[in-house]
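Number of protein chains: 2
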Amino acid sequence: MKEEQNIKVAVDAVVFAYKEERLYVLLIQRKYGQFKNEWALPGGFVKTNESLDKAVVRELKEETGVKVNYLEQLFTFGEVKRDPRQRVVSIAYYALVNPSKFKLNAQTDAKDAQWFPIEEVPKLAFDHKLILKKAKERLQTKVLYQPIGFNLLKPTFVFSDLEKLYQTLLEEKIDRRNFRKKILSFDILEETGQQKKIGSGRPAMIYKFNKPKYRALEKRGFYFEIKYA
Amino acid sequence: MKEEQNIKVAVDAVVFAYKEERLYVLLIQRKYGQFKNEWALPGGFVKTNESLDKAVVRELKEETGVKVNYLEQLFTFGEVKRDPRQRVVSIAYYALVNPSKFKLNAQTDAKDAQWFPIEEVPKLAFDHKLILKKAKERLQTKVLYQPIGFNLLKPTFVFSDLEKLYQTLLEEKIDRRNFRKKILSFDILEETGQQKKIGSGRPAMIYKFNKPKYRALEKRGFYFEIKYA
DNA sequence: ACAAAAGTGTTTTACATACACCCATGG
DNA sequence: CCATGGGTGTATGTAAAACACTTTTGT
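So the sequences go chain by chain: V and A.
In this text, residue positions in the first sequence follow my numbering: the first is 5, and each later residue adds one.
In this text, residue positions in the second sequence follow my numbering: the first is 5, and each later residue adds one.
In case anyone wonders, no lab produced these hints; they're calculated from the structure.
Check before you lean on any hint, since a few could be wrong.
Just so you know, same-sequence chains aren't split out, so a pair can sit in one copy or run between any two.
Cut-off 25 Å, straight-line C-alpha distance, at most; resulting in silico cross-link-like pairs (DSS-like, lysine-lysine) [unchecked claim]:
no., residue 1, residue 2
1, 140, 105
2, 133, 35
3, 35, 127
4, 85, 12
5, 58, 137
6, 23, 107
7, 71, 146
8, 58, 138
Only a predicted model underlies this, so the values are computations on that prediction, with no experimental measurement involved.
With the hints as constraints, model all of the structure from the sequences given.
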């Protein structure tokens with residue numbers, strides 16, 4: 005008299021990268037089945053003996069060859085008809101990678117994985133457009149109160165990189181002086197040497213994010229927070 | 005050559021209620037099986053043809069007879085060993101109910117459901133303690149930037165009710181004048197008549213939350229936000 | 001009259017906002 | 001010497017924080 009539950013558990017990941025003032029998402033093209041050739045978020049079924057986090061990491065590696073710098077659970081999508089073939093509940097994650105991951109080395113299984121600028125994402129399978137939307141919203145609000153943006157930059161960077169990153173993420177201009185003042189006031193950046201990137205122009209200081217220091221401050225009740233969006 | 009996935013999908017709910025300056029959680033006592041007599045969050049397996057939200061609502065009704073005023077997905081717990089019997093991924097929700105739901109009418113299936121003051125919660129089955137912790141944290145931060153606290157009060161209330169609610173939730177004293185000024189400045193409360201609750205003391209104005217007005221303001225880019233925690 | 005809770009305004013302080021010029025380098 | 005991007009300080013406005021007395025009722 006007991007109806008057996010018949011639901012599959014999957015994970016999907018929205019992986020963001022940033023390059024040259026553009027935000028990118030990682031998509032894969034499906035090879036088989038009903039949704040062949042459609043683009044979709046990387047993801048797949050969770051193994052019975054594998055935690056959700058591990059499943060995401062594994063799927064990302066298998067499907068795209070990418071190892072992420074930051075990973076966070078986003079939301080669980082469980083509408084009955086979200087996958088027309090069978091009932092699938094998907095735990096969605098979002099992830100950030102730094103620019104060193106940007107070129108997808110085709111050696112793995114990455115032939116069908118590609119970075120898409122966020123404004124040029126094609127039609128997506130299932131409810132993945134919705135997942136992507138939610139992930140972007142989360143990213144936009146989260147960078148305002150957690151210093152996760154650094155995961156989208158190289159380990160060392162110049163102030164204008166950080167500034168442009170925030171402008172790109174938030175899709176707004178920000179005041180250079182105020183932004184710098186604010187970030188520096190947190191005292192979570194560390195200086196290094198100098199640099200002369202572009203031919204002309206005054207060389208810029210190179211910084212890196214001092215994560216241990218941030219963690220320490222955080223424990224003492226300090227809050228990272230950027231008001232001007 | 006394909007290993008079939010063997011994972012069950014469940015939902016669990018952390019239902020909060022508020023009464024007389026105390027925050028309560030709804031727990032059930034398990035009747036059968038290995039965890040008999042242990043207290044746990046209400047919840048259960050999702051049906052194959054039922055969305056996650058519907059599953060929570062159904063389980064709450066079946067197990068406790070309670071209908072919630074506010075429901076929001078919290079987090080999905082998917083560690084391999086969180087249920088020692090078999091692999092279960094649980095989508096946790098948190099919910100708010102107003103005081104009219106506080107007395108659990110035994111007529112339904114509610115004999116084994118009980119409200120516990122949050123500081124007096126007994127040992128809980130599985131990882132439910134962790135779920136509860138996360139839910140409480142979420143509630144504490146969310147009341148600061150969304151007017152969900154009203155779901156814990158009667159439809160009409162007095163200003164000191166709201167003030168005490170926030171003090172209870174945030175576990176801090178708040179300045180009465182500043183709090184009032186702030187809340188009133190949002191212009192989302194509506195007046196009504198008067199009241200003489202306790203024998204002595206000046207009667208207080210009765211307010212109600214003007215939800216449509218809040219929704220309208222929200223659409224125009226207004227943000228509810230309480231700074232002084 | 002007094003006890004109890006409701007109601008109210010001002011001053012101080014901190015931080016967000018707005019804004020424009022000089023500096024160091026490459027060509 | 002000019003073009004390019006990097007670096008910097010100050011004044012104004014707004015909102016948070018701190019703080020105590022008066023009002024209205026019941027007993």
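With identical chains, the pair residue 58 and residue 137 could be close in the same copy or across copies; at 25 Å between alpha carbons, which is it: within, between, both, or neither? Answer is both; intra-copy 24 Å and inter-copy 23 Å each pass.
**Prompt:** Is it within, between, both or neither when you check residue 23 against residue 107 at 25 Å Cα-Cα?
**Reply:** within (11 Å within a copy, 57 Å between copies)
Up to 25 Å CA-CA - residue 105 versus residue 140, copy category: within (19 Å within a copy, 37 Å between copies)
- Query: Given identical chains, is residue 85 near residue 12, meaning Cα to Cα at most 25 Å, within a copy, between copies, both, or neither?
  - Reply: Answer is both: 13 Å inside a copy and 18 Å across each meet the 25 Å cutoff.
When no copy is specified for residue 71 and residue 146, does a C-alpha distance of 25 Å or less occur within a copy, between copies, both, or neither? within (21 Å within a copy, 32 Å between copies)
Cα distance capped at 25 Å. Does residue 58 pair with residue 138 within a copy, between copies, both, or neither?
both (22 Å within a copy, 21 Å between copies)
How would you label the pair residue 35, residue 127 (within, between, both, or neither) given a Cα cut-off of 25 Å?
within (16 Å within a copy, 49 Å between copies)
Please work out whether the CA atoms of residue 133 and residue 35 approach to 25 Å or closer within one copy, between two copies, in both situations, or in neither?
-> The answer is within: 19 Å in one copy meets 25 Å, while 43 Å across copies does not.
Hint compliance for this structure: no hint is broken.
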